[in-house]
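A.B. asks: One letter stands for each residue in the lines below.
Number of protein chains: 2
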Amino acid sequence: MGADLKSAKERFVESWGQMGGAWGINKTMARVHALLMISDAPLTADDIMKELAVSRGNASMNLRALVDWGLVRRASLPRDRKEYFVSEKDAWTMCCRIARERKKRELEPVISAIDDCLKEAGSDKEAAAFRKKLNELLELVRLLDFVLGKVGNQERAAVLPKVLTLLKAMA
Amino acid sequence: MGADLKSAKERFVESWGQMGGAWGINKTMARVHALLMISDAPLTADDIMKELAVSRGNASMNLRALVDWGLVRRASLPRDRKEYFVSEKDAWTMCCRIARERKKRELEPVISAIDDCLKEAGSDKEAAAFRKKLNELLELVRLLDFVLGKVGNQERAAVLPKVLTLLKAMA
DNA sequence: TCATACTTTCAATTATTTCTGAAATAAGTG
DNA sequence: CACTTATTTCAGAAATAATTGAAAGTATGA
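From first to last, the protein sequence lines are chains C and R. Residue 36 in this note's numbering sits at position 36 of the first sequence; the count goes up by one each step and never skips. Residue 31 in this note's numbering sits at position 31 of the second sequence; the count goes up by one each step and never skips.
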């Protein structure tokens, strides 16, 4: 591989890791994801360990997490007992998977929590302002939840036109 | 304040902190924000220190960060040399500020990074697949950037109706 | 102006998260 | 089944991030 290409790939992997970190995702997990995305062929855990200089355990755990997120899948080649990993190929599908997981992991729990707070706060006059604010936030979080739910269920081809329509209306 | 109301507020503050953490935001920063959101009156650094059991320095730094994000503003009362802090009141405006900041801090740098990678990768046949994948990701990140840009520029009243209308169309 | 009440900063500390490596487990092979 | 090779797990180590507290910096009202 040309030196420039190699270095460009490394740069991309690092940037993707950086971004992951900013959004609350393990940096190594994001780097593994990046590596798989730009790899033409399936990779083994050893390939990843070597490429990113991480331990076997680390590679294993992050690969599992990526599989749990639906961003990577396992693949085994016949007549080879090694396990291979392949990234979801399509960027839009990836985006949908991420939306689905974040909705489930991070929005739904907040919605429940706010609901519980509303219940616990009671209906005293004293709590009125608090309830009002909570309801306002709930509306917002629910809308986000709804949006991510929609995105999470879309198929690749369906997303782009709809998003663009939406943007036009907002312009 | 009734015991239930107090405990409901505490629960909310903790949940909000939790959520912040999941999205890559300092947990204490999110708790301070939550506290200010549900507080009727402006609070001083001392109020926050006491309420959340954090040090003066910690309170100061996280308050500054919230001000930088445009989620909180400083307010001073005449004949009182203390500084007070008030949360942005409107949840939608808050949402817009967050969109704006995250776009600036976390999407724009990734766009530049991918651009740089494309430049560095060169135009060899060997790099074709890499360029293709990068362009696909770039399209996606740019769209997200565009969406956040739109949201970040909206004013309160304008956002909700438009988003809701379009969501119905997507149903 | 200046004493003082308040705020910010930052080196040191503490807490949390992430990572490693080796042991345990599983899976494929002959 | 016994053996080999691949994978997972997890306790401890390392790295990173958050927090403290005290010194330095500011601004206000008398």
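Don't read these hints as lab results, they were simulated from the structure. There could be a bad hint or two in this list.
No copy is singled out in the list; a pair is fine if it fits within one copy or between any two copies.
Stated by the list, open to error - DMTMM-like, lysine to aspartate or glutamate: derived pairs with alpha carbons at most 25 Å apart: (1) 119 <-> 136; (2) 50 <-> 155; (3) 27 <-> 80; (4) 133 <-> 155; (5) 150 <-> 115; (6) 150 <-> 106; (7) 132 <-> 90; (8) 50 <-> 68; (9) 103 <-> 80; (10) 133 <-> 83; (11) 125 <-> 68; (12) 150 <-> 136; (13) 27 <-> 106; (14) 82 <-> 120; (15) 103 <-> 139; (16) 132 <-> 47; (17) 125 <-> 88.
Given the structure is predicted, the values throughout are model-derived calculations rather than measurements.
A.B. asks: Among the hints numbered above, which are violated by the structure, and what are their numbers in rising order?
C.D. replies: The structure breaks hints 2, 3, 9, 11, 14; every other hint is satisfied.
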